[in-house]
Each structure stands twice: as C-alpha cells, then as structure tokens.
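K.L.:
The listed protein sequences derive, respectively, from chains A and B. Residue numbers for the first sequence follow my numbering, so the first one is 1 and each next one is one higher. Residue numbers for the second sequence follow my numbering, so the first one is 1 and each next one is one higher.
Simulated from the structure, these hints should not be mistaken for laboratory data. Just so you know, not all the hints are guaranteed correct.
Unchecked claim - Straight line, CA to CA, 25 Å or less: simulated DMTMM-like cross-link-like pairs of lysine to aspartate or glutamate:
no. : chain 1 : residue 1 : chain 2 : residue 2
1   : B       : K97       : A       : E142
2   : B       : K97       : A       : E61
3   : B       : K97       : A       : E38
4   : A       : K86       : A       : D72
5   : B       : K97       : A       : D121
6   : B       : K97       : A       : E107
7   : B       : K108      : A       : D58
To be verified - So these bits of chain B aren't anywhere near chain A, every CB distance computed over 10 Å:
no. : residue
8   : P12
9   : I27
10  : V47
11  : P50
12  : R64
13  : I73
14  : Q76
15  : Y100
16  : H101
17  : I110
18  : V112
19  : I127
20  : M128
21  : A133
22  : L134
Predicted model only: the values in this text are computed from it and were never measured. Note that beta-carbon positions come from the ideal geometry of N, C-alpha and C, so glycine has one too.
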Amino acid sequence: MFQTLEELKKELGNKILSIKEHSPKRFYVEVKPEDVPEFIRFLFDKKGARLSIVSGVDVREGIEILYHMTFDREGKIITVRTLVPKPFPEIESLANFLPAANWIEREIYDLLGVKFRGHPDFRRLLLSDDWPEGVYPLRRKEP
Amino acid sequence: MGIKNWALKKSPWVFHFAASPCNNCDIEILDCLTPRFDVERFGILKVGSPRHADAILVTGIVNRQTAPRLRRIYEQTAKPCLVIAIGACACGGGVFKGSYHMAGPVDKIIPVDIYIPGCPPKPEAIIMGVVKALAIL
C-alpha cells in the first residue's frame, strides 16, 4: 500500500494538501474540490481501486465529502477528502465515468444539499415527492 | 363466527410488507417460515400478492414514501383480513419516533389487530402472536 501511496505522491504530489495515516490500513488524503476527479481517475483507472462509498458530514466550515477507495486484494483503504464551502456547496460529479457514484451522489444531494455538476440523472432519491425544496435534514441546526 | 371466518382459521396466507424497517424483523419472520421454527407445517404460506392474502404482516416505522402505498395495499386485500404489526417500530415508533420524514407508527395509517413488540421479536413471540390473532377471529 505504501507503494500505491508513493506513486500517488510522485504523480500528483503538488495537489495534495495533507496525508494522514490513521492506521496501517487507512490513509486520508486531503485535496481541493477541483482536483477530486483527477485523483479518483488515477486510483480507479490505473491502480484498480473500487469506490466503496461516499460519505458527507456537515462541519462548521463547510461540508466535508469523503470518497472511500478500497484495494480489496491488499485490504487497505485510501480516502480522498475535500471541504466544500457553504452556503452553496457544489462539486464536480463522478457519475459519468464511475457508475458506482450515481445513486450515492443523488442521496448526498437529497440529504445534505450538495449540488453535483454534470450528473446525468439528477433528482432526489430518498425523500418523498412532497418534501419541501431547500430543507436538508442532515445539516446542522442552529440551536 | 360465520363460515367465512371458520374457513380462514386453519391456514392463513400471509403477505409481508416492509415499510422502511431496519430489516431485522424481516429476518425474524423468515426464521419463522424456514424449517427450524417451521410454521409452514400449519399451512401458513407467504404469498406475493395482497389479493391472495388473509393476513398482512407490517414491519418498520412507516415513512412518508411508503404511507400511501401501505394504504393502497390494505384496500386491495380482501376483507376480513388480519393486520399484524411486528416489532417496536411498527407498534409505537421505536428508536425513530419523532424523526424527520416519518409518517408515524402503523396504526396511524391502517387499523391494526395484533401488536407484537420486541426489537426484534423472537420467532416464538411471533408464533404466539399469530396464534392469539387466530383465536380472536
């Protein structure tokens, strides 16, 4: 795994903001939101990783989106982490070259309000049709 | 008890409707039907259409997407039919009570005959609930 991380650093090292080794199996790579498709393409096309899931958290500075790429044969996970600023969070969509990202991006839009540009089928997934627009249940509520 | 109800008692056919559960109660229902606890020896069969069913088993707390569909399924089932609410979420909300996007426990949508609490209820509890339901028919 070190080897894949070293290759990542060599190829795209100037765009990485920080690397954190959380445990021998998990690595967090922090990048800017514009560079995310390039990193994911590198890991998916050239290194054979699989997109496992995308998760999102509402922290005070913005919305943090994490892309978990797993290497199943070695048993390690590299997570690509970005911070998208509120109040209008937007990021480029990965669904055009990664079919696995299609539904999870619709779910993140539905519950957290992040707009994915260029998504082929952009509508809500989980909430019902009479749920009001603009109310995102998983965002932080001011007390 | 008329002749229709008497004919219903011996081997009721059940229809299983999962209204946004966490799926543990569904696993316990399948445990009832498989050979270890085996209610199929009494003739209880799981059918694929509500029009063939004598009883509806509802699991999960009902959310806003499934509420109109549950209403429609109840109207399609031929009366008299039993409605059995399985699990703590279907009976009274469970851990999800008061959460966003929930349309309440099952008895706000359709009338319920038997409540089987538990999280999830053991197969023995489900069997006892179904036996008591047949006794009131």
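K.L.:
Now tell me if each hint is right for this structure.
P.N.:
Against the structure, the hints:
1. B:K97 with A:E142: Measuring from Cα to Cα gives roughly 22 Å; hence the hint holds.
2. B:K97 with A:E61: 31 Å, violated
3. B:K97 with A:E38: Violated. B:K97 to A:E38 sits at ~43 Å, over the 25 Å cutoff.
4. A:K86 with A:D72: Status violated; Cα separation ~34 Å.
5. B:K97 with A:D121: It is violated: about 33 Å lies between the C-alpha atoms, which goes past 25 Å.
6. B:K97 with A:E107: Distance ~22 Å between B:K97 and A:E107 Cα, so the pair holds.
7. B:K108 with A:D58: 33 Å, violated
8. P12: Holds, since 32 Å exceeds 10 Å.
9. I27: With a cut-off of 10 Å, B:I27 remains clear of chain A, as the shortest Cβ separation is near 22 Å.
10. V47: 28 Å, holds
11. P50: Correct as stated: the minimum Cβ-Cβ distance to chain A is 22 Å, above 10 Å.
12. R64: For B:R64, whose nearest Cβ neighbour in chain A is about 4 Å away, the distance does not exceed 10 Å, so it is violated.
13. I73: 17 Å, holds
14. Q76: About 21 Å separates B:Q76 from the closest Cβ of chain A, which puts it past 10 Å; holds.
15. Y100: 4 Å, violated
16. H101: For B:H101, whose nearest Cβ neighbour in chain A is about 6 Å away, the distance does not exceed 10 Å, so it is violated.
17. I110: Since the minimum Cβ distance to chain A is about 18 Å, B:I110 lies beyond 10 Å and the statement holds.
18. V112: 22 Å, holds
19. I127: Holds, since 34 Å exceeds 10 Å.
20. M128: 35 Å, holds
21. A133: The claim holds: B:A133 sits with its nearest Cβ about 31 Å from chain A, beyond 10 Å.
22. L134: Given that every Cβ of chain A is farther than 10 Å from that of B:L134, nearest at about 35 Å, it holds.
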